[in-house]
Amino acid sequence: MPAVTETIETIDRLAGGGYKFGFETNIEMEFAPKGLNEDIVRLISAKKGEPEWLLEWRLKAYRAWLTMEDPHWARIHHPKIDYQDLHYYAAPKRPAPKSLDDVDPELISMYDKLGIPLNERAALAGVAVDAVFDSVSVATTFRESLAKVGVIFCSISEAVREHPDLVRKYLGSVVPAGDNYFAALNSAVFSDGSFVFIPRGVRCPMELSTYFRINARNTGQFERTLIIAEEGASVSYLEGCTAPMRDENQLHAAVVELVALDEASIKYSTVQNWYPGDAQGRGGIYNFVTKRGACRGRNSKISWTQVETGSAITWKYPSCILQGEGSTGEFYSVALTNNFQQADTGTKMIHLAPNTTSTIISKGISAGHSNNTYRGLVRIMPRAHGARNFTQCDSLLIGDQCGAHTVPYIESRNQSAKVEHEATTSKIAEDQLFYCRSRGLSEEDAVGLIVNGFCRDVLKELPMEFAVEAQKLLAVSLEGSVG
Amino acid sequence: MLEIKGLTATIDDKEILRGIDLTVPDGEIHAIMGPNGAGKSTLSYVLSGREGYEVTGGSVTFNGRDLLAIEPEERAAAGLFLAFQYPVELPGVGNANFIRTALNAVRRARGEKELDAVAFLKEARAAIKLLHMPDDMLKRNVNVGFSGGEKKRNEILQMALLKPSLALLDETDSGLDIDALKIVADGVNALRGPDFSALVITHYQRLLDHIVPDRVHVLAAGRIVRSGGPELALELEARGYAGLEAA
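Residue numbers (the UniProt record's numbering), protein chains in the order written: chain A, 1 to 483; chain B, 1 to 247.
Mixed in with the good hints, there may be bad ones.
[Said to hold, decoys possible] Label pairs and their computed distance ranges (CB to CB):
no., chain 1, residue 1, chain 2, residue 2, range
1, B, 147, A, 460, 23 to 29 angstroms
2, B, 125, A, 460, 20 to 26 angstroms
3, A, 39, B, 117, 27 to 33 angstroms
4, A, 460, B, 108, 51 to 57 angstroms
[Unchecked claim] Below, in silico cross-link-like pairs of lysine-lysine (BS3-like), each with a Cα-Cα straight-line distance of 25 angstroms or less:
no., chain 1, residue 1, chain 2, residue 2
5, A, 460, A, 472
6, B, 139, A, 472
7, B, 151, A, 427
8, B, 163, B, 182
9, A, 47, A, 148
10, A, 460, B, 139
11, A, 472, B, 113
Keep in mind the hints are simulated off the structure, nothing from the lab.
The beta-carbon is built from N, C-alpha and C at its ideal position, and this holds for glycine as well.
Make a model of the complete structure from these sequences and hints.
Okay, structure coming up:
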């Protein structure tokens with residue numbers, strides 16, 4: 001149809017123009033030499049002024065990584081990554097800022113451009129932000145007001161210096177250094193990330209948010225996030241990610257660990273919008289991320305919500321280990337792929353204790369030539385009497401060149417457990433599109449509206465202000481997909 | 001003014017419209033009646049630009065504009081509205097959000113200022129009251145779980161808010177009880193005025209008791225075979241469509 005051709009042509013002309021975060025920031029940077037070896041690991045550790053135990057931990061991870069192979073079981077394809085052709089450390093040259101006033105104005109203006117308020121006076125009420133630029137944290141807002149209630153929110157490098165006992169106790173306790181290929185790599189070379197500690201009985205008074213930005217060329221970003229909620233504590237945390245548009249692929253391999261003690265709850269939301277590559281599949285971030293939460297305490301709760309629209313490749317399975325009796329794990333996911341993007345994402349819910357419950361709601365949208373796979377594991381261990389799981393996986397296809405795949409693994413070793421799985425696959429119906437268009441919506445707006453409706457069950461789990469952002473993001477990410 | 005001249009159209013190479021000539025001046029309401037398969041719904045879909053209907057001849061102009069040359073959303077912006085015979089469900093899409101998005105798309109296309117959420121809700125609530133609809137109509141997902149009557153009323157609500165200059169009502173009366181029929185008619189009558197015209201497609205005369213048309217046309221086998229005043233509808237009700245095709 002002419003409208004469609006025209007749409008496609010317009011998008012072709014603007015190719016890449018749909019990604020509005022693709023600019024580069026000119027900041028004087030300090031790089032470690034390219035390549036990975038024990039000296040680089042030592043250098044990173046020395047740059048951070050780390051204690052000996054942490055260096056040893058990194059080296060152990062590095063040695064483990066050397067013996068491992070990158071995983072091939074996911075439904076993704078990419079050329080072999082040359083790990084010796086990357087920088088493993090990149091940081092703005094200015095010394096680490098002591099306060100917001102010391103932050104390079106160039107950086108402040110970049111975050112302004114991204115809509116991330118680093119200026120506390122201008123900040124949205126109730127959101128504290130930690131900003132990670134390439135390898136280092138550049139600013140954390142609202143630290144003092146958080147400290148008043150005992151909440152620690154800082155970069156992980158600072159936490160290593162100022163709260164070494166807490167870091168040592170929990171780091172690697174959920175995702176061990178040698179857990180998998182990418183986690184081992186991250187453990188060896190992680191440069192920064194966020195640290196959150198909510199003490200016993202405290203409900204964190206504001207949303208916490210970390211904003212990750214990859215800027216430098218040929219640089220891997222390996223951040224490490226650790227969140228601990230003590231007995232009865234609760235916190236809601238959100239991460240956002242963007243990167244400049246580049247023709248080459250960039251590697252991102254993060255690790256996130258969550259620990260919830262008795263009656264604690266952690267809500268972790270992600271809006272992932274790394275550069276996805278252009279319409280021909282050139283460039284984009286390789287996103288290999290290990291996220292895992294341990295519900296260690298009785299009746300604790302960990303809830304993952306993710307909106308994944310970016311990255312050339314997404315390999316990511318935010319999981320919950322339900323160790324505490326009566327604990328709850330949740331996974332709400334929207335994964336949208338367009339053009340030549342590949343996503344293999346899902347979750348693992350490991351039920352170890354009695355009366356544990358988990359909920360999985362996954363919405364996959366594939367457009368263009370993309371491939372979108374839900375991969376999930378629900379495992380009920382023998383001790384998990386009365387465990388319950390409900391899983392719903394819905395896939396929406398746009399066009400006839402894309403793929404949607406659902407790969408659920410269910411293992412139950414307890415007779416009393418109840419596991420439910422529902423899955424649907426659908427296409428946007430012609431009559432839905434026509435209905436919207438007859439009311440005055442363009443074809444693209446109509447698709448955006450229908451897709452947002454499809455994702456509503458997940459989007460409503462996001463904190464309000466981010467839900468609005470996520471909706472816009474879904475529409476933008478679908479540009480050029482109609483046809 | 002809507003002017004249809006010699007309009008022919010096919011679906012899957014089957015000729016459905018075989019030369020329609022019809023003029024609807026501003027401010028007038030015309031009814032199109034006719035037996036099943038006469039091409040009534042095809043006419044409404046061709047006028048609103050649905051895919052799959054191929055126009056093979058003739059012309060349609062609306063206020064001087066070549067309607068067939070523009071996309072469905074441009075037709076909406078030009079003031080055309082189709083009330084669907086089978087309104088479509090949009091799961092997860094809130095009705096208020098849907099109508100406001102549509103209204104603002106149309107306003108943008110016409111170079112008018114967009115309505116913010118507060119201003120829109122004020123208008124929407126007023127329309128709902130006027131149409132005697134339940135308040136939760138705006139909160140529910142578009143047509144999901146609506147009864148047949150509710151779906152039709154939702155079409156009228158959208159029409160009331162989008163304020164078209166030409167409404168096509170495609171068998172909006174089918175499946176309606178008498179109360180719902182009155183509400184639908186009230187919705188159309190409320191828009192009546194020198195700048196509003198409508199093409200009311202129906203099987204039965206009873207809707208025309210409530211929306212009194214200026215002209216009645218009989219569509220049979222893809223052609224308009226008779227035209228007349230409102231009394232023609234009564235005659236059809238009494239005698240049926242039999243024998244008209246030959247007329």
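- Item | Indices of hints not satisfied (ascending) | 3, 4, 9
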